[in-house]
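J.: Knowing the structure of chain Z, use the given hints to seat chain L on it.
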Amino acid sequence: EDKVVQSPLSLVVHEGDTVTLNCSYEVTNFRSLLWYKQEKKAPTFLFMLTSSGIEKKSGRLSSILDKKELFSILNITATQTGDSAVYLCAVKGGTSYGKLTFGQGTILTVHP
Amino acid sequence: NAGVTQTPKFQVLKTGQSMTLQCAQDMNHEYMSWYRQDPGMGLRLIHYSVGAGITDQGEVPNGYNVSRSTTEDFPLRLLSAAPSQTSVYFCASRPGGSSSYEQYFGPGTRLTVT
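The listed protein sequences derive, respectively, from chains Z and L.
Just so we're aligned: 9 in this note's numbering is position 9 of the first sequence, and the numbers increase by one with no gaps anywhere.
Just so we're aligned: 28 in this note's numbering is position 28 of the second sequence, and the numbers increase by one with no gaps anywhere.
If you are wondering where the hints come from, they were derived from the structure by calculation, not from laboratory data.
As the structure is a computational prediction, the values presented were derived from the model and not from experiment.
Hints may contain errors.
To be verified - Distance condition first, Cα-Cα at most 20 Å in a straight line; then the derived SDA-like pairs of lysine to any residue:
1. Z:Lys-41 x L:Gln-85
2. Z:Lys-57 x Z:Ala-78
3. Z:Lys-40 x L:Arg-110
4. Z:Lys-40 x L:Gln-17
5. Z:Lys-68 x Z:Asn-22
6. L:Lys-9 x Z:Ala-42
7. Z:Lys-40 x Z:Thr-81
Chain L on its own, in the form it takes in the complex:
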């Protein structure tokens, strides 16, 4: 199993550009989430999904869109990049149910917006 994969690893955007961060998992996990990590602020939830076709907002959803058309993929779209979106982005997944809340994280995407 590859686990959770993310592409690209690094990206530089200009203000106003759009792009999609890709996330895929091969563990058949129901739940997937996107977090951003900024210095001194831990991980903050952007959007999450509890299954194909179902998404919801987290703490900091503004400026981001998500969709979940398959169990495996959960792309994050930046509609019009802003310097405030400079961050490290992590995708995570976990099985459904309440037996374990352990989340499996991807390697991260470091995004810089100039």
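Okay, chain Z solo, but in the shape it has when bound:
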């Protein structure tokens, strides 16, 4: 059974801090790892990672995958209150059908 574990489960920081969110996984026939941001509504897509060592970057957010050690990190630099959200990690494994396995999520709270 595919498994995704995120840590920490919750994190409280102040504006301007840098945070690192972790996602480790066990999956059969790994295809891809995805990060989503969820702010009181539907999750919105951030990144998809398929290859080890290649950083994906969007503004202050970046993410990297390590397929040997089976984990990914999501970094957010110079955090803002608008970054407060639940960050979800999901992995795609097995067949090419539309199944994603999600982690529990990390609740990030950024105080002014």
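T.: What follows is chain L alone, placed relative to chain Z:
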């Protein structure tokens, strides 16, 4: 494009009642899925479909039925609601193939079973 739409947004049911959560997408996506989200448990897959007429079970299928008669629609039926089914339900879709696994989510349905 409206994307993925879900109705209703909120629903309260009594134990034993049945209902259907509606989901529709207008992006011609092959793959559609239903997830439930409970505090501290992320999103768990209930059922999914890889095309019209084809459905399969996810992690937590018990108590739910689905069908996919058209590409656009993927309704989720609760046969006999139980308090354990109190949750937020998300429908998602994505194109077929393996070029991108990004799923597009609907706005969610918050269901309370008393």
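J.: All hints are to be evaluated individually against the structure, with a verdict given for each.
T.: Hint-by-hint comparison with the structure:
1. The hinted pair formed by Z:Lys-41 and L:Gln-85 meets the criterion: a straight-line CA distance of about 19 Å does not exceed 20 Å.
2. Among the hinted pairs, Z:Lys-57 with Z:Ala-78 is consistent with the structure: their alpha-carbon atoms are about 14 Å apart, no more than 20 Å.
3. The hinted pair formed by Z:Lys-40 and L:Arg-110 meets the criterion: a straight-line CA distance of about 12 Å does not exceed 20 Å.
4. Only pairs whose Cα atoms come within 20 Å are accepted, and Z:Lys-40 paired with L:Gln-17 is rejected, the gap being roughly 28 Å.
5. For the proposed pair Z:Lys-68 and Z:Asn-22, the alpha carbon gap of about 15 Å is at most 20 Å, so the pair holds.
6. Proximity of L:Lys-9 to Z:Ala-42 is assessed by CA-CA distance (about 12 Å); at most 20 Å being required, the pair is judged to hold.
7. For the suggested pair Z:Lys-40 and Z:Thr-81, the alpha carbons sit about 14 Å apart, so the restraint of at most 20 Å is met.
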